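**Student:** Here is what each chain is made of, one letter per residue.
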Amino acid sequence: MSKAVLMQGNEAVVEGAIAAGARFFAGYPITPSTEIAEQSALRLPQVGGTFIQMEDELASVAAVLGASAAGVKAFTATSGPGFSLMQENIGYGMMAEIPCVIVDVQRTGPSTGLATSPSQGDYMQARWGTHGDHPVIALSPSSVLEAYRLTVRAFNLSEKYRTPVILLMDEIVGHMREGVTLPNPNELIINSRKMSFHDGANKQCYFVPEGQYVPAMKPFGRGERYNVTGLAHDVSGFPTNDNAVAGANIKRLLDKVEKNADDIIRTEEILLDDAETAVVCFGGTKRAAMDAIAALREKGEKVGLFRPVTVWPFPEKQLREKCAHVRRLLVVEHNHGQMLLQVQRAAAPAQRVDFLGRIDGTVITPDDIIAAIEGKEGEYHAQ
Amino acid sequence: MPSDLVHLFMRIDHLPHIWCPGCGNGTIMRDVAVAIQELIDDPEISLNRENVVIVSGIGCSSRAAGYLDFNSIHTTHGRAIAFASGIKLANPKLNVIVLTGDGDCSAIGGNHLIHAARRNLGLTVIAFNNNIYGMTGGQYSPTTPNGDRATTAPYGNVDRPFDIANLATGAGASFAARGDVYHVRETIDIIKEAILHKGFSLVDVYSVCPTYYGRKNKKGDAVKMLAWQRDNLIPTAKYYHMSENERAGKKIIGILSYNDYPEYTEEYARVIERASGGKKGGAAK
Amino acid sequence: MSDKFQMRFTGSGGQGVILASVIFAEAAVVKGLHAVQSQAYGPEARGGSSKAECIISHGEIWFSKVIRPDFLLALTQNALDKYAPELAGDAVVMIDDSLDAPACLDPERVVSVPILRSAKEDVGKAITANIVAVGAINELFGLFDEDVLREAVSRHIPKGTEELNFRALSVGKGLIAPELRDKYLEENEI
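Residue numbers (the numbering used here), protein chains in the order written: chain A, 1 to 383; chain B, 384 to 668; chain C, 669 to 858.
Note that these hints are calculated values from the structure, not bench results. For clarity, every value in this text was computed on a predicted model and none was experimentally measured. Just to be clear, a hint being listed does not mean it is correct.
No farther apart than 25 Å at their CA atoms in a straight line, the calculated lysine-lysine pairs in the DSS-like style are these [claimed, not checked]: (1) K633/B with K599/B; (2) K827/C with K3/A; (3) K793/C with K733/C; (4) K317/A with K259/A; (5) K599/B with K194/A; (6) K827/C with K299/A; (7) K3/A with K793/C; (8) K841/C with K299/A.
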């Protein structure tokens, strides 16, 4: 008998988080992410960790940041309405450089929308949800196993770069059960934040050596009395109104993601080498695309797939390189054209960029994609 | 000459503070520092300074976190108690003290206050209650008395105010108290009790804001506002010896409610034991 | 069967049709096949009608929703009336024998068995109807060996209820006459 088990995408997130070393979850129930809270409540105390159901999403992400500042890897999970509520404190985490993972299992919006229906409408919110210029890392899985693996990777990137990382799931993957064989946790690469203790008189808790971007962290309760703030601050962690200092710090925050983009970005290419058309999609949308591509290939049509696994920062360079020879890019998303804007920006002038989207809460089917590829000019809004 | 206390417990590089002349917030910050010092010095308690974490939100009061030389985290508006909850749950041995304001903890952060009180999570919340939004220039807060004036209540405040200590009691806080900036010694003792209390504790400390609240409402200067506290806020021991007539219009300073409810992180440690089959809790990793 | 066997399970909330779909997906995983399971969420899952789906295949399964079911289970008239019209002509439908098959269905493709009554009377617990159905469906298509199916069931039921649920599987199996089994076995071989 196979060692595989049947597992839901949301459950796989919790197992991935535990494997990555997470021992704290604070959250508020919201469809379609609730199973992540339920499973965390069950699993975390089994490994000595803590689960708490907070009074709302504002409190959830605040508690997660507090726990992480106190030295424990922490995460929360939500969906659109809750993700909106979390935005201010996500920005705080970026400014104060507190690692954590925020899982957004997207549902159809705006507002309460269609609570149980799939969507990818939070793509731009993941990038620009919190105010001000800020760095963002967001990953999007397309299968249950990948939900596990990308949760581990989300924690790793978060710890390495000291910034909140968003796992941008969708209902398709979150609620789907698949057979998976999880890797042995001992075989995983696990990153943990670089720590520093006792700089002596130099209490510069945000000090970054020349040529580096990420300061080492100091947890509470270990003998170093340092300050954390969401105000513009200097290397000592105290507020500053010095514009040059404030500007340089924000630039460093942006640089730590931009200058490390090659380390952060992962993409997937399938049957692209000879492709004339590339389907560009992310997350659960890949599943319909794969069936469509298989069917079209059988008919002799040269179709491939380019998928940002890291959806933010957008893999612009990778798209240009891998799809350089492709005549036509068909962007397929469960929204009204959000990643489309990034693809249009990255595409060569001679490349045609078409679009297939859906905003009615139904799933884009392989037949929809086949019809769009076999169709003629222009955009294809299925809905 | 700064006192030893300042050298020991304040970040001298970051002083002077931003508070206006006559503001009561400095007095409350000092009360907290003295309370901590006395708990460190008390051989029966020997509070560990490195385990003290000061958490604040946004507003005048919340700048105190930056001046006090402990582990400190100055968070977002209203969310100090929620950040503090995560800190305490992640490392229950820490003494987590939240410095917050009336707006921070009872308007934008009111939800977190009542739920932390309900859970009886072992935080100590010190509300710097000056009846006004000072940082933004004098708008009415949830504790501005009905009829009083503020920049957003030019015709008098229509809202009815919260009594923060009673609010916490109503939400199930196992320790709720009131202090002020006139009765310094009494308030220090209350804060010490609050820190020592195992469950959730709240001290609503009446501050004074001569710059905005006082000026808008013709309450006089800081000295006059303190004199009002002297005459109208009565320490517990004295209050109980007063007649009904003498008590009229006066408020009590002291511990208003106290219960021995189980503390949240201790209860959760039992959850971990149950779930992990006997292994000890302790989330730190 | 074709390269994918697509199953849809329908009934009312509380009848356990979701668990039925999960058990088949789990059994496929136990056997080393590929499986994907999904279900309708929200108000539909709180009383009212309930729908769950499962796809089993020897190869990788990408698109996770069932578009063209090879099989439909209906435990309520509402569910049957709602999902029967969209079936392809060659789909097999199993219904509880208390239901009336709508005219749109080819009677040759409808298997009517006393699932609810057998659970109540033969197993002794009405709540086991979904497991009775699992036993019947498995027998009808010859999907999984008994030990595989029992392992899959065991992973999703409370400890201590194994005997009851295994009895329900047997009762379900017994509802399918051998000639009926042979008819569908051939075309849906896995």
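**Student:** Honestly, which of those hints from before does the structure not fit?
**Tutor:** 3, 5, 6, 7, 8
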